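Top line first, the protein sequences correspond to chains Y and W. Residue numbers in the first sequence follow my numbering, run continuously in steps of one, and reach 116 at the last position. Residue numbers in the second sequence follow my numbering, run continuously in steps of one, and reach 1115 at the last position.
Just so you know, the hints here were simulated from the structure itself, not pulled from any lab data. Incorrect hints may have been included.
Under the rule of at most 25 angstroms between Cα atoms (straight-line distance), these lysine to any residue pairs were calculated in the SDA-like manner [claimed, not checked]: (1) W:Lys1057 to Y:Arg50; (2) W:Lys1078 to Y:Gly100; (3) W:Lys1083 to W:Glu1103; (4) Y:Lys78 to W:Glu1103; (5) W:Lys1042 to Y:Gln44.
Just so you know, these numbers come straight off a predicted model, no measurement behind them.
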Amino acid sequence: AQTVTQSQPEMSVQEAETVTLSCTYDTSESDYYLFWYKQPPSRQMILVIRQEAYKQQNATENRFSVNFQKAAKSFSLKISDSQLGDAAMYFCAYRSPTSGTYKYIFGTGTRLKVLA
Amino acid sequence: EPEVTQTPSHQVTQMGQEVILRCVPISNHLYFYWYRQILGQKVEFLVSFYNNEISEKSEIFDDQFSVERPDGSNFTLKIRSTKLEDSAMYFCASSLSHGQGYEQYFGPGTRLTVT
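Given only the sequences and the hints, what does the whole structure look like? Please build it.
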């Protein structure tokens, strides 16, 4: 069975600085999808970025980018030029490509604090 | 931008009572999901629903739980005879499809407290 691990329960970053949130996963599948979701306080989870495992190029979305290391089964999220609005809980998630299996497998989350 | 909504935001119930958690998925979405997160633990998959039937469920989703799409807009999770360990945040999600790139959109959650 697949598992997702986020080893940093909480991280802090100074406004305008860069922070990296780590995520590792375990799977025997060769193709899969990985996601980072952001959950602001009392708000829903929103998708930050996604990565298809067959793509070698790391995904980027504006100030957010990932470092996808398939062999190491690592999927870290880098937030550049951190802003106060980036403060949230961040969840890493895995999804199998297997037909009929659409569920996400989540990590425990990392709470990011942005310091002014 | 369309959002998934959930009601109530917080539900308190006594052990043994039945609760219904409600969700309104995004209107053109076809796949619906429930997840839960016990405090301090991982977000866990409960069930997925498509074409008016359960397409997948986890081992957590036993006979105590049921889901329904009673009309064209609502998607509900019923928990019969609640237990203390059912206390958790319950998230509803929906997706347009299940293929590549069709990510799940999540609601803000319902916090269920069983006393």
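Which of the numbered hints above does this structure break? Number 3 - this is the single hint that the structure violates.
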